[in-house]
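Protein chains: 2
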Amino acid sequence: MKKPSSLIDVARRAKVNISTVSRTINQTGKIGPETQARVMKAMRELGYKPNRVARRLRARDASTHLLGLIIPNIQNIFFADLARGVEDVAYKNNYAVLLCNYDEDEAKERFYLDVLQSESVDGIILPPIHETDPAVLQVVRNGTPVVCVDRSLSSGNLDKVEVDNHTGALKAVEHIIARGHRRIGLIGGPADSSTGRERLRGYKDAHAQAGLALKSDLIRFGDYKQDSGETIAHELLSLPDPPTALFVCNGLMTAGALETIAALGLKIPKQIALVGFDELLLADVFNPPLTVVRQPAYEVGKCAAELLLKRIEDPTRPATSLKLLPELIIRKSC
Amino acid sequence: MKKPSSLIDVARRAKVNISTVSRTINQTGKIGPETQARVMKAMRELGYKPNRVARRLRARDASTHLLGLIIPNIQNIFFADLARGVEDVAYKNNYAVLLCNYDEDEAKERFYLDVLQSESVDGIILPPIHETDPAVLQVVRNGTPVVCVDRSLSSGNLDKVEVDNHTGALKAVEHIIARGHRRIGLIGGPADSSTGRERLRGYKDAHAQAGLALKSDLIRFGDYKQDSGETIAHELLSLPDPPTALFVCNGLMTAGALETIAALGLKIPKQIALVGFDELLLADVFNPPLTVVRQPAYEVGKCAAELLLKRIEDPTRPATSLKLLPELIIRKSC
DNA sequence: GTAGAACGTGCAAACGTTTGCCCAAACAGG
DNA sequence: CCTGTTTGGGCAAACGTTTGCACGTTCTAC
Chain P
234 MKKPSSLIDV
244 ARRAKVNIST
254 VSRTINQTGK
264 IGPETQARVM
274 KAMRELGYKP
284 NRVARRLRAR
294 DASTHLLGLI
304 IPNIQNIFFA
314 DLARGVEDVA
324 YKNNYAVLLC
334 NYDEDEAKER
344 FYLDVLQSES
354 VDGIILPPIH
364 ETDPAVLQVV
374 RNGTPVVCVD
384 RSLSSGNLDK
394 VEVDNHTGAL
404 KAVEHIIARG
414 HRRIGLIGGP
424 ADSSTGRERL
434 RGYKDAHAQA
444 GLALKSDLIR
454 FGDYKQDSGE
464 TIAHELLSLP
474 DPPTALFVCN
484 GLMTAGALET
494 IAALGLKIPK
504 QIALVGFDEL
514 LLADVFNPPL
524 TVVRQPAYEV
534 GKCAAELLLK
544 RIEDPTRPAT
554 SLKLLPELII
564 RKSC
Chain S
234 MKKPSSLIDV
244 ARRAKVNIST
254 VSRTINQTGK
264 IGPETQARVM
274 KAMRELGYKP
284 NRVARRLRAR
294 DASTHLLGLI
304 IPNIQNIFFA
314 DLARGVEDVA
324 YKNNYAVLLC
334 NYDEDEAKER
344 FYLDVLQSES
354 VDGIILPPIH
364 ETDPAVLQVV
374 RNGTPVVCVD
384 RSLSSGNLDK
394 VEVDNHTGAL
404 KAVEHIIARG
414 HRRIGLIGGP
424 ADSSTGRERL
434 RGYKDAHAQA
444 GLALKSDLIR
454 FGDYKQDSGE
464 TIAHELLSLP
474 DPPTALFVCN
484 GLMTAGALET
494 IAALGLKIPK
504 QIALVGFDEL
514 LLADVFNPPL
524 TVVRQPAYEV
534 GKCAAELLLK
544 RIEDPTRPAT
554 SLKLLPELII
564 RKSC
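If you're matching them up, the sequences are chains P and S in order.
If you read the first sequence in the working numbering, its first letter stands for residue 234, the second for the next number, and so on.
If you read the second sequence in the working numbering, its first letter stands for residue 234, the second for the next number, and so on.
Keep in mind that the hints were calculated from the coordinates and are not lab data.
Be aware that a few hints might be false.
Just so you know, same-sequence chains aren't split out, so a pair can sit in one copy or run between any two.
To be verified - The calculated PhoX-like cross-link candidates involving lysine-lysine, where the alpha carbons are at most 20 Å apart (straight line), are: (1) K565 to K500; (2) K325 to K341; (3) K263 to K248; (4) K248 to K448; (5) K341 to K535; (6) K282 to K341; (7) K565 to K503; (8) K274 to K556; (9) K325 to K543; (10) K341 to K437; (11) K404 to K543.
Based on the provided sequences and hints, a complete structural model is requested.
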């Protein structure tokens, strides 16, 4: 491992003190023009790159222009889109973002939280693994700017940007009911996630509004991964009195459900209607085109990044809480 | 920003020297059991977390158990799957991975390369933006272990794991030809990427084998994003003498092409046949199910991470070059 | 002509670790 | 009882920066 050149090397070569070099680089303090030129020349010749580690060690408050983003599952398009939103505004503001994929694993989340903190990122964006995530709370207490996305954190008044899951689910199920369905299967999210619960509430409220009784048989919870969508759809559709419509609470599980439906040879929407949460890549050209509630994933990321940047700039500003509206895109699957 | 506790605080509280604390943490050197207990207690009480920045500054060779992964586009499922492969083996070996999305932007790639280097990651996995990427070469020269994935780097004998793009494309186009098509449109990848060129070569070779002349009209290059697939499909299909089949060189562009086909109201495969590179989420339940060449994205990531870990362990081992075979999944779209 | 001010630069401390070296005490063998 | 080896743990340097302070020079203004 070739040792990279340091301030000292540059200083020696330019025949100045290291502080002069440092000040030249950072444009801080007054340095004579010809001295600067000499320093620059030396830097070029040595191919000098400042050592970020040392820099951060010394000045823990010096902005590193680094953001951390911790997401549950990178294969979930929702989060990929969200990440792009974050990326784009970060980059426009000259920030880099370090992405960590924790795969819904609490230990992993904690680990990454640790890493990001000790990398001294300027701020962190994440969907807390559950409402009272002590690790996240700890980070907040440490003073690292944090903004929550997608899921919420019960305590603390931090910046957050969420999707209005209740309204999204409500509108979706209202639509299903309006289409005449009475037995609506729910493939829900994890019961301990705020998104899962909100969407469930939407499902229930729509039933209540329509005076429909809930059938607990038809309500099942997955883990937001494709397999569980497939499995649960199978369970639901093999019931003695199966549902005539399915409301699937995220994109990956929708894909899973579609697998099952195809395997069973059922026709959409005649034999089984379906509306899913999350827009999918081929949803609009699918046969039939899929009715979905589209979450503004990119915008969530974008807003979150903007909020985070604002907070980094002014740590005292009051917390902002944004709730973005999802959109029911009615196509042909229900 | 509350200042976190340091070794000094712990040492003071446990009434020992900081070196003793350090040695207790790292299990290095002999420390008496009751001293250890005292130190541990102090650490717990203070909630001490070692500062990774300082640690790395001091011992630049001390393993941080951190890997860097730089990818072109996180929204491309291929890379998401690849990332998961990397993640999984990294995590099994107690490594964390920092993910950077450079969006095919050379400046951004350079920037992230810089960041990761100065974060002193133990190694980096990336698809080089093009064959003679000087920034990557520089990193390699610095001694940071690097393994290339997906695309290759002309110079240097580094570890790499790629997909056999030529064979993949060859088999796909052979299949198309075997189905009786003579006018096959190509929606290719960027001409300056190794993957794009390899797949093009497969396309050409299949033609040559079949004694078919190439029609330059039918050969176009996109940028691996959805929009270009849509646009180019439109161009191709509005030709006076349009192709009867399309070979699309990545997943996102395939989705784009499908949009165009749907918009034009064309029937697959009767009016237009199609085979795409990359497996897509709903490809098998699409109507008709899509014939694709599936890249073993997850395996690429997995192998790359394994290679990287081996190299970190033994930097002198000879470079390994892996070429994974893609699989032609014949369904109904061609 | 002199007192400040402004300018340009150097000195050294500090950030939080790790680690080579050294030393005291305890213990072993003769 | 003396020497030699272990064992436990302290001291201080080093990693590469940033930055407050100080100091000499050259202006500026009276």
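Now the hints, each set against the structure:
1. K565 to K500: Classified as both; 12 Å inside a copy, 18 Å across copies.
2. K325 to K341: Result: close only across copies, 11 Å inter versus 29 Å intra.
3. K263 to K248: within (17 Å within a copy, 45 Å between copies)
4. K248 to K448: For K248 and K448, the Cα distance exceeds 20 Å both inside one copy (82 Å) and across copies (64 Å).
5. K341 to K535: between (25 Å within a copy, 18 Å between copies)
6. K282 to K341: between (32 Å within a copy, 16 Å between copies)
7. K565 to K503: within (10 Å within a copy, 23 Å between copies)
8. K274 to K556: The answer is neither: 52 Å in one copy and 44 Å across copies each exceed 20 Å.
9. K325 to K543: within (14 Å within a copy, 37 Å between copies)
10. K341 to K437: neither (34 Å within a copy, 47 Å between copies)
11. K404 to K543: neither (33 Å within a copy, 52 Å between copies)
Hint violations for this structure: numbers 4, 8, 10, 11, all remaining hints satisfied.
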